[in-house]
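Hey, can you work out the whole structure from these sequences and the hints?
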Amino acid sequence: MNGMEIATAVNYKKQVVWIVENNSGLGMVSHARRLLGLPYNTGAEFKRVDFLRIARGLGAQGIKITKPGEINRKMMDNIFASGKPAVLDVRIDRGEVPPLFFRAKALEDYF
3 MNGMEIATAV NYKKQVVWIV ENNSGLGMVS HARRLLGLPY NTGAEFKRVD FLRIARGLGA
63 QGIKITKPGE INRKMMDNIF ASGKPAVLDV RIDRGEVPPL FFRAKALEDY F
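By the working numbering, the letter at position 93 of the sequence shown is numbered 95, and the numbering carries on one by one without gaps.
Don't read these hints as lab results, they were simulated from the structure. Errors might be hidden in some of the hints.
Only pairs whose alpha carbons sit at most 27 Å apart, straight line, appear in this in silico DSS-like list of lysine-lysine [to be verified]:
| no. | residue 1 | residue 2 |
| --- | --- | --- |
| 1 | K66 | K86 |
| 2 | K86 | K16 |
| 3 | K86 | K76 |
| 4 | K66 | K16 |
| 5 | K66 | K15 |
| 6 | K49 | K69 |
| 7 | K16 | K76 |
| 8 | K86 | K15 |
| 9 | K66 | K76 |
| 10 | K66 | K49 |
| 11 | K86 | K69 |
| 12 | K15 | K76 |
What follows is the structure, given as structure tokens:
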């Protein structure tokens with residue numbers, strides 16, 4: 003995702019919802035490096051990006067989620083009632099370990 007797909011959805015009035023798991027980095031890269039015993043990679047961790055402001059700047063809805071349970075039926079109904087694309091900026095813990103097994107299995111099956 004580089005953001006311009008949001009602008010495209012706004013321009014063509016397409017109702018799309020993006021859910022960004024915002025952990026201030028490339029979590030799978032960081033955790034895979036740790037599992038492999040590789041050195042810390044500063045390029046995989048960075049300051050938290052404010053996807054809410056990016057979305058709004060491009061003309062879409064931007065919604066910040068900081069707690070479990072904030073995404074609910076009423077919120078989603080409101081998002082879809084607006085007719086605009088939306089980005090949910092879900093703030094997650096950088097230390098949370100992603101499900102690497104399933105990703106590795108999918109890659110193994112593909113190749």
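| said: Checking one constraint from the list: CA of K66 to CA of K49, max 27 Å. Satisfied? | reply: With a Cα-Cα distance of about 16 Å, the restraint between K66 and K49 holds, given a limit of 27 Å.
| Pair hint outcome, K86 versus K15 [Cα-Cα no greater than 27 Å] | Holds: K86 and K15 sit about 7 Å apart, inside 27 Å.
| message | Next pair to validate is K15 with K76; report whether the Cα-Cα distance is within 27 Å. | response | holds, 22 Å
| 27 Å Cα cutoff - pair K16, K76 | Holds - the C-alpha atoms of K76 and K16 are around 21 Å apart, at most 27 Å.
| query | Hey, K49 versus K69, does the alpha-carbon distance stay inside 27 Å? | reply | Given pair K49, K69 holds - Cα atoms ~20 Å apart, limit 27 Å.
| Is the Cα-Cα distance between K86 and K69 27 Å or less? | holds, 24 Å
| said: Please verify whether K66 and K76 have alpha carbons no more than 27 Å apart. | reply: Holds, at roughly 15 Å.
| message | Run the distance test for K66 versus K86: straight-line Cα separation, threshold 27 Å. | response | holds, 16 Å
| CA of K86 to CA of K16, is that 27 Å or under? | Roughly 7 Å separates the two Cα atoms, so the pair holds.
| request: For the pair supplied as a hint, K86 and K76, confirm whether the alpha-carbon distance does not exceed 27 Å. | output: Holds - the C-alpha atoms of K76 and K86 are around 16 Å apart, at most 27 Å.
| task | Take a quick look at whether K66 and K16 sit within 27 Å of each other, Cα to Cα. | result | Holds - the C-alpha atoms of K16 and K66 are around 21 Å apart, at most 27 Å.
| Restraint check for K66 with K15, where alpha carbons must lie at most 27 Å apart | holds, 22 Å
Of the numbered hints listed earlier, not one is contradicted by the structure.
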